[in-house]
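Mapping of the sequence shown onto the numbering used here: residues 487 to 698, in sequence order.
There could be a bad hint or two in this list.
Stated by the list, open to error - SDA-like, lysine to any residue: derived pairs with alpha carbons at most 25 Å apart:
| id | residue 1 | residue 2 |
| --- | --- | --- |
| 1 | Lys-643 | Lys-668 |
| 2 | Lys-643 | Ile-620 |
| 3 | Lys-668 | Ser-656 |
| 4 | Lys-643 | His-697 |
| 5 | Lys-668 | Leu-654 |
| 6 | Lys-643 | Ile-685 |
| 7 | Lys-643 | Ile-665 |
| 8 | Lys-668 | Thr-622 |
| 9 | Lys-668 | Tyr-597 |
| 10 | Lys-668 | Ala-605 |
| 11 | Lys-668 | Ala-680 |
Hints listed in this document are in silico derivations from the structure and should not be mistaken for laboratory results.
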Amino acid sequence: MNDNVKAVNNRCGLSQRKIGRRFRVNHSTISRNLRRRTSVVIRKRRKAPKMNSEQQQIRARKNCARAHYSNIVQQLLNEKNIPFIAPADNPPNAAQARPIEIFSYLIVFDYRVVNFSNASAGYLLLIGQIADAISTVFVGWGSDRTRTSLCHYGRRKTWHLIGVICVLISFPFCFNLCIGCKDSYLWVQFIYYALFIIIFQFGWACSQVAHL
Numbered sequence: 487m488n489d490n491v492k493a494v495n496n497r498c499g500l501s502q503r504k505i506g507r508r509f510r511v512n513h514s515t516i517s518r519n520l521r522r523r524t525s526v527v528i529r530k531r532r533k534a535p536k537m538n539s540e541q542q543q544i545r546a547r548k549n550c551a552r553a554h555y556s557n558i559v560q561q562l563l564n565e566k567n568i569p570f571i572a573p574a575d576n577p578p579n580a581a582q583a584r585p586i587e588i589f590s591y592l593i594v595f596d597y598r599v600v601n602f603s604n605a606s607a608g609y610l611l612l613i614g615q616i617a618d619a620i621s622t623v624f625v626g627w628g629s630d631r632t633r634t635s636l637c638h639y640g641r642r643k644t645w646h647l648i649g650v651i652c653v654l655i656s657f658p659f660c661f662n663l664c665i666g667c668k669d670s671y672l673w674v675q676f677i678y679y680a681l682f683i684i685i686f687q688f689g690w691a692c693s694q695v696a697h698l
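Whole structure, please, built from the sequences with the hints as guidance.
In structure tokens form, the structure reads like this:
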């Protein structure tokens with residue numbers, strides 16, 4: 487029962503619903519027993535503040551790893567006047583940005599540095615996600631059916647090595663000005679960045695799938 491009390495207070499990473507699924511009981515039963523047999527006060531979840539936009543009202547909260555965001559990303563979020571609340575408040579249905587630079591800084595870099603439009607920056611991110619989805623399936627299928635390795639390095643490690651090489655080669659080009667085409671048309675630069683983003687996502691899938 488003490489473990490359940492800690493779980494309800496969100497001190498051990500378990501929620502009432504997870505405990506209910508674990509012991510195959512309704513989560514309301516756990517709440518009722520805790521109220522009757524212990525002195526715990528179950529906290530109600532606070533709703534995230536709403537931000538009015540032209541289309542609808544959306545919710546947002548501060549990410550759990552703010553250190554991963556660069557200063558320019560935080561400055562842009564502040565300029566957009568996006569309201570955040572602490573993750574400890576545990577708001578329901580609140581959007582949470584991923585604390586990875588390829589998601590957070592890529593759009594800001596393409597918009598502020600390369601001078602892409604909002605749509606073009608979003609399309610680059612979308613292309614990367616599509617490439618990642620396709621590459622994950624392909625790498626998972628290929629790594630399971632690979633029978634030979636590179637110099638007896640191991641078939642999984644070979645895929646991992648290929649992924650690391652692709653990431654090391656492509657990642658610097660994703661966050662630098664277009665080499666040799668800095669003054670070219672934007673569609674030329676778009677193809678340039680899309681190519682390296684696809685290579686990066688393929689390498690990321692290779693290293694991640696082979697490692698897991």
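Results for each hint:
no. : hint                 : verdict
1   : Lys-643 with Lys-668 : 37 Å, violated
2   : Lys-643 with Ile-620 : 20 Å, holds
3   : Lys-668 with Ser-656 : 17 Å, holds
4   : Lys-643 with His-697 : 8 Å, holds
5   : Lys-668 with Leu-654 : 22 Å, holds
6   : Lys-643 with Ile-685 : 19 Å, holds
7   : Lys-643 with Ile-665 : 32 Å, violated
8   : Lys-668 with Thr-622 : 32 Å, violated
9   : Lys-668 with Tyr-597 : 15 Å, holds
10  : Lys-668 with Ala-605 : 20 Å, holds
11  : Lys-668 with Ala-680 : 15 Å, holds
Hints 1, 7, 8 from the list above are not met by this structure, while the remaining hints are.
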